[in-house]
Amino acid sequence: MKEFKYTEKKDTRSGFGAGLLELGRTNENVVALCADLTGSLKMDAFEKEFPERFFQVGIAEANMMGLAAGMTIGGKIPFTGTFANFSTGRVYDQIRQSIAYSGKNVKICASHAGLTLGEDGATHQILEDVGMMKMLPHMTVINPCDFNQTKAATIAIAEHEGPVYLRFGRPAVPNFTPADQKFEIGKAVMLNEGTDVTILATGHLVWKAIEAGHKLAEKGINAEIINIHTIKPLDDEAILASVGKTKCVVTAEEHQLNGGLGDSVAQLLGRNLPTPLEMIGVNDSFGESGTPDQLMEKYGLSTDNIVAAAERVISRK
Amino acid sequence: MNPHNKSIEELKEIAAQVRRDIVRMVHAVNSGHPGGSLGCTDYFVSLYFRVMNYKPSPFNMDGEGEDLFFLSNGHISPVWYSVLARAGFFEVKELATFRKINSRLQGHPATEEGLEGIRVASGSLGQGLSVAVGAAQTKKLNKDNNLVYVLMGDGELGEGQVWEAAMYAAHNKVDNLIATVDRNYQQIDGGTEEVLSLGDLRAKFEAFGWHVLEADGNNFELLLPALEDAKRATGNGKPVMILMDTEMGFGVDFMMGSHKWHGVAPNDEQLEIALQQLAVQQASDY
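So the sequence lines, in the order shown, correspond to chains A and B. First residue of the first sequence: 1, per UniProt numbering; consecutive thereafter. First residue of the second sequence: 1, per UniProt numbering; consecutive thereafter.
Do not rely on the hints blindly, as some may be mistaken.
[Said to hold, decoys possible] Each pair of labels, with its calculated beta carbon distance range:
| # | chain 1 | residue 1 | chain 2 | residue 2 | range |
| --- | --- | --- | --- | --- | --- |
| 1 | B | K55 | A | D293 | 55 to 63 Å |
| 2 | A | K182 | B | E193 | 44 to 52 Å |
| 3 | A | E28 | B | I101 | 19 to 27 Å |
| 4 | B | M61 | A | K187 | 27 to 35 Å |
| 5 | A | R316 | B | N30 | 50 to 58 Å |
[To be verified] Chain A regions said to be covered by chain B (calculated; three or more residues, Cβ under 8 Å):
| # | stretch |
| --- | --- |
| 6 | 90 to 98 |
| 7 | 268 to 279 |
By construction, these hints were calculated from the structure, which means they are not laboratory data. For every residue, glycine included, the Cβ atom is placed at its ideal position computed from N, Cα and C.
Using the sequences and the hints given, assemble the complete structure.
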């Protein structure tokens with residue numbers, strides 16, 4: 001099992017803030033909108049340096065999505081920022097009609113996704129956002145794994161013509177991917193080549209998949225670990241190639257099982273390569289208040305859960 | 001500069017033609033929304049044949065150097081499609097495809113099929129004002145001095161997003177925007193004041209920080225000066241609102257003033273009566 005080193009833990013939302021600031025300096029068409037969460041979204045540096053291109057919308061997310069759609073007319077590239085809950089569920093119809101169906105070049109940037117939002121509880125811990133967004137035609141859905149990758153993804157989506165949902169989170173997590181990486185939308189990243197089981201992870205679960213890989217190696221199991229940062233479009237080719245080799249697969253994500261990465265992988269395999277599959281995710285329940293670690297443990301999204309799922313799926317081969 | 005710049009007499013003829021298009025379109029597919037379409041015909045004809053600065057062809061989605069128009073109450077698509085075709089965005093014969101399979105003229109306006117003249121989808125109500133405000137802010141960023149127009153229905157003002165956008169536009173001094181409310185006092189289930197009373201809209205929008213004008217939407221002699229007044233009111237630090245009185249179904253006597261013709265198509269006999277009332281000029285009909 002390959003070693004992955006990191007020097008510090010950083011939050012993915014700060015990766016977004018850093019990427020947005022860099023975009024401000026390199027692309028004059030980039031504009032940013034925020035619904036009263038500038039500090040939480042780490043958009044304050046952009047606001048300070050580019051006040052004329054920053055739009056404080058107030059607590060009015062529906063209006064924010066419509067404004068963003070309108071701003072594209074005339075060539076701007078709007079990045080909207082608020083919590084993932086208010087970026088999706090609250091404004092689904094606005095995104096559907098004014099952005100996705102209208103083919104508008106809006107980047108919906110969503111922080112505090114999933115259980116790791118922590119103590120605020122289930123009202124804010126959206127676990128359905130990927131499902132809602134991936135169902136929309138024309139929408140690209142991206143969930144990067146660490147600070148560096150979130151920064152790279154933020155920069156990359158400005159070059160992509162069309163609506164994008166970029167999901168990231170609140171907690172500090174190991175920052176292990178290269179600072180100079182080139183982010184390729186729709187291209188899975190091979191982290192560790194293995195032969196016994198494929199682990200497909202996204203977002204915060206990528207590091208846990210790496211930890212699980214080490215624990216599996218101690219048991220003599222050689223796991224292939226792939227970072228699926230883009231859930232739509234899914235990298236079918238990379239997944240089928242890996243699963244064709246290992247003959248079993250585990251998916252891991254901080255999202256409902258319904259509608260998430262595992263659901264997309266199950267569809268892909270069901271149609272092309274029926275294979276034993278285990279899915280790590282939240283199983284049809286809401287979250288609750290607690291620390292991020294406590295919540296990931298309680299809802300079955302821990303490193304040990306991935307290890308157990310891998311052993312289970314190998315036994316089903 | 002308006003590409004047509006028609007006289008009032010010519011506008012009246014065009015409006016009659018557009019109204020004939022509307023009743024024929026909804027009759028042909030036995031669906032669609034004639035009432036609001038007929039009521040707003042004079043407004044659309046005024047904008048596209050006299051007031052707005054634009055180029056119909058080639059259509060430019062970004063609309064730089066042009067005035068932009070957004071329709072928030074997308075269900076009155078028949079009037080917009082007819083006016084766009086008659087103004088030169090696409091061929092008039094394409095009106096015959098309205099609401100049919102494989103058409104670019106969807107039941108509600110859309111960009112998906114690439115219909116010239118449409119810049120955002122609408123139909124789910126309450127979204128157009130936000131889009132128009134965003135487009136107006138981009139015009140300011142681009143130092144483009146042209147204006148953004150948006151039409152909303154009055155029943156649509158029940159949607160909270162409209163008031164979010166109204167608050168935002170005033171706060172941010174979006175003064176290159178002329179919004180219009182089609183004040184016909186009708187919505188699907190009945191009168192607007194019965195379903196969910198809108199009350200004093202002038203006072204409401206003024207309280208939100210808008211410059212408010214009122215206009216008669218079914219009389220060119222009054223409507224055109226009101227639209228010119230609205231233009232003159234732009235650039236003064238406030239978004240501009242026209243509360244435009246119209247009569248649902250205007251021009252067809254049995255459709256006038258009733259919410260019952262919001263979304264119902266005329267039958268064969270009713271179509272004939274409507275066309276007679278609208279002074280049929282067969283040669284120009286599609």
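Hints not upheld, ascending by number: Of the numbered hints given earlier, those the structure breaks are 2, 3 and 7, listed in rising order.
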